[in-house]
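K.L.:
If you want the building blocks of each chain, they are given just below.
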Amino acid sequence: MRGLLLFLLLLAGNARAEGVLHIYNWNNYISEETVTRFEAQCACRVMQDYYSDNEEMLAKLAAGASGYDIIVPTGNAMESLIRQKALRPLDKSKLPNLRNINPAYLNTAFDPDNKYSVPYAYTITLIGYNVEKMRELGLPTDTWAVIFEPEYLKKVKGRITVLDSQRELMAAALKYLGYSANDTIEAHWKQARDLIIRAKPYWAAFNASSYIKELTIGDVWLVHGYSNDIFQANLDAQKAGRKFSIASSIPTQGAVLALDSMVLHKTGPRPDLAHRFINFMLDGKNSAELTNLIGSGNPNLDAMRYIKPEIAQNPAIFPDSQHQAKLEMLHDLDRNQRRILSRMWTEIKLR
Amino acid sequence: MSENHTRLTPTARLNRWLKNVACAAKARRQAAKKRSLHGVNEHSEPVANAGLASTAVFRLPVKWLVSGPPFIFLLLFFAAPGIIMVLASFRYPGEFGGLAPVIATDPNTLHGFTLETYRFFFSDLIYTEIFAKSFLVALATTLICLVMAYPLALLIARSPKKSRNLMVLLVILPFASNFLIRIYAWMILLGPQAVLSHLVNGLLGAFGMAPVHLLFSSFAVLVAMVYVHLPFMVLPLYTNLEKHDPALLDAARDLGANAWQRFWCVTFPLSLPGIFSGSTLVFIPVLGMFAIPDILGGTGDMLIGNLIKEQFLGTRDWPFGSTLSIMLTIAVLACVWLAARLGGRRKRHA
Amino acid sequence: MRRGDGHRGMGLWAVALAVYAFLYLPLLIVVIYSFNDSRLNAEWVGFTWHWYNVLLHDEDILAAAGNSLFIASVSSLTATLLGTMAGIAMHRYPLKALAFMVMTPVAMPEILLGVSLLLFFIQVLNLTLGMLSIILAHITFSIGFVAIVVRTSLAGLDESLFEAARDCGASPWETFRHITFPLILPSVIAGGLMAFTLSIDDFVITFFTAGVGVSTLPLRIYSMIKIAVTPEVNAVSTLLMLLTLALIVLVSRIAPNVLRWKT
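Protein chains in written order, with the numbering used here: chain A, 1187 to 1537; chain B, 16 to 365; chain C, 731 to 993.
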């Protein structure tokens, strides 16, 4: 019996040993090769845990998750972490590659002077669609109206999914109504809620991640989703030999831009390795690998020359200045706003 | 003693064997005592009393030795968390999640205890509504389970003794696979590319109706709820039906009752305790379920379990999550009480 | 045999067969699709062992399986010990409070135990969620099941055995050691295996007490279902089904009575 237990202990032995870098990252947000290369360079191991939503990550941290050297939160979640004093300031002398970052993505309102964070990649929440189907049905793809207006929706009833995220869906509705994605005026929220409730009967589901597969198979033709997921869906569809392609576009009303940054968590045991990793990821080639793999936006200027031209020229991943100006980053809500939004969400789901 | 031996023939041999063992053991014990090992014996003796009636002297310490460890463990990891949850429901949420402090260093921040979450709960009908909806889903699941389980349980109970165990095992087996897998199975079965969808939509199309989506709908949620909980209904029903005396049915027939009357007037009333215990076993878990609406639900499928989960793992509003949990606990207790009352009264009548 | 029973018997059989089909068809589909040669797994493409191979090289899954086994071993051993004690105590003494605390976690919706333990671990113990919190949670819900099995078996014992033992002068400890314990041993083992199965299988309570970093097999399956559904999920499901099947057979061999539902 003791032998068995010992064996099991060994099996389960993922104790936090030396020479291990712990990263808490988004799902599918780093290339396998990049990790292997870093491991070889630093003679250490990279252990990753994943989340699929900022709220989930914050909730898990609030519930005591610890021991992470690096986390890759989106701006508003990062702001919350900074205000909680949960992060360790960066030592910029160890990050010479920081100069590669496009200044447009530095010094954001979330972290003035980048005391704590280094931009990693960005995604845009936009409209993804089955190109052939949209053309066939004659639907526009450059406006949120196609997600919210019954006159369009009736043509794609049951073939459309929206994100299962309170903030993202509200932001899209607010944008369509002409408000800021960060508007917190309750009357405006109510308007957005009513807009969502009116459109809801036409939607197939609230979906956080499996819409990639639905798009690929061809069950769903239109989604409110993340740019990199839609990129992934198109890759998968081509690989599976489907006879259609999937594209994405930024609505003219504007959209949400999520800039994900690498930060050091206070509980991380290896800030030295963490700095090396950040500097490594700031290298143009390594950074480009991520974009080439998952189609994420890249704030790294040096990376541009390594990025595949079809991605670099995709306006939904690297938008022109006109669309760029319409993109907004979400800010964190306070506890009362969170509670009210949660109630509205319950209403949306129930009505 | 000898009377015992003759009366209990199946155990007689074992009995005699035990007698020998016990007597031999006694001899060993005496010897051991002589070798002044009674410290050990005195220590172990109280434990033994657990197994059988014993001398009053050792009764108290034994009781504590045996019941103490599980009692303390459950006090710590079941009762205490419950109390903490009640307390948490009277506090403010922390700015970044968790709970606001009870005693604040900065008097301007929210702290201490409050009825806020309860006020919030009752400020809007939406929360009552979501409870009502969860109850409806649980009720529907229970009824469908009952309708499906009753014939099966009846058939098993009336099958030859030999095949009964196998038939029961066949009900339990799928229930042993992980429930996520069972939910996932329906994801495949109800998918738009699956045979079932083509069949249903072909049929609807023939009648000129618009095609429907089976996956991501309330229908999918209900099917999976029934699927996951069906064995909970079959088993208690079967145990009840198995005990029925066939002579009652014969008597009813002799009095001229037809098959339907025999069922309604004899079998059904007698099986009510089984129905109640099965219903409780289905109803209560369904009330708290969040995974099924999460995976298979459409745009409107949010149940109380999902709301509680969201408060803890999404909105970071622990006090409100605790309040919802307490409301759910009260609802569950009310159901158990009701079932016990109904079941109890029926028993007395029957 | 009985007049007029033929029709009704046929009807019953038809319904019963339909219910059995309802119970088994979905699982059959899961197993069949684990051999599907298509990443999307939407329609049948062709036969392959590929996904089992993928599974055997998936470090995350293997680590999760290791965690599950470890957690189940430790929690079921502890729960068997505590549960047996609780079962004996409940059989011998009228301990209302103990009986309440043993039975309630069994009957309550799991989510309630999950969130209350989450609160307790963070707020009171200030414990980082992980292996330890999962094990403690699993012991909590397993004790009840073991206790019920043990108590049921004690209630079925023949008191005359103990009288016989006492009559010939066996001490209470000897009686327990040589009579009670061997007689309830099958139930204790069955209860332990039950606790093991419950622990391997648990999703809801683990979901709330796991934190991040430590994953179990059901948690992995959940995120696979939610994020990327490939036939690998089917493969892992199939293997897990085989394991639980083996455990069930084992339980039914050791203690046939445990599987006969007692209400």
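Treat the hints loosely; a few may be bogus.
Here are some of the chain A residues that sit facing chain C, going by a computed Cβ distance under 10 Å [said to hold, decoys possible]:
id : residue
1  : Ala1226
2  : Ala1229
3  : Met1233
4  : Tyr1236
5  : Ala1248
Stretch by stretch, here's where chain C covers chain A in the computed footprint (C-beta under 8 Å, at least three residues) [what the hints assert, rightly or not]:
id : region
6  : 1237-1247
7  : 1251-1261
8  : 1386-1392
The calculated lysine to any residue pairs, modelled on SDA-like cross-linking and capped at a C-alpha distance of 20 Å, are [unchecked claim]:
id : chain 1 : residue 1 : chain 2 : residue 2
9  : A       : Lys1271   : B       : Phe278
10 : A       : Lys1246   : C       : Leu857
11 : A       : Lys1471   : A       : Arg1285
12 : B       : Lys148    : A       : Pro1387
13 : C       : Lys956    : A       : Lys1271
14 : B       : Lys258    : B       : Phe278
15 : A       : Lys1246   : A       : Arg1428
16 : A       : Lys1319   : A       : Asp1235
17 : C       : Lys956    : A       : Asp1235
18 : A       : Lys1271   : B       : Lys148
19 : A       : Lys1319   : A       : Leu1421
Simulated from the structure, these hints should not be mistaken for lab results. Note that beta-carbon positions come from the ideal geometry of N, C-alpha and C, so glycine has one too.
K.L.:
Now tell me, hint by hint, if it's right for this structure.
P.N.:
Taking the hints in turn, this is what the structure says about them:
no.: 1; hint: Ala1226; result: 17 Å, violated
no.: 2; hint: Ala1229; result: 19 Å, violated
no.: 3; hint: Met1233; result: 8 Å, holds
no.: 4; hint: Tyr1236; result: 8 Å, holds
no.: 5; hint: Ala1248; result: 8 Å, holds
no.: 6; hint: 1237-1247; result: holds (count 3)
no.: 7; hint: 1251-1261; result: holds (count 3)
no.: 8; hint: 1386-1392; result: violated (count 0)
no.: 9; hint: A/Lys1271 <-> B/Phe278; result: 70 Å, violated
no.: 10; hint: A/Lys1246 <-> C/Leu857; result: 13 Å, holds
no.: 11; hint: A/Lys1471 <-> A/Arg1285; result: 14 Å, holds
no.: 12; hint: B/Lys148 <-> A/Pro1387; result: 18 Å, holds
no.: 13; hint: C/Lys956 <-> A/Lys1271; result: 32 Å, violated
no.: 14; hint: B/Lys258 <-> B/Phe278; result: 15 Å, holds
no.: 15; hint: A/Lys1246 <-> A/Arg1428; result: 38 Å, violated
no.: 16; hint: A/Lys1319 <-> A/Asp1235; result: 37 Å, violated
no.: 17; hint: C/Lys956 <-> A/Asp1235; result: 16 Å, holds
no.: 18; hint: A/Lys1271 <-> B/Lys148; result: 41 Å, violated
no.: 19; hint: A/Lys1319 <-> A/Leu1421; result: 18 Å, holds
In summary, the structure is inconsistent with hints 1, 2, 8, 9, 13, 15, 16, 18 from the numbered list given earlier, while agreeing with the others.
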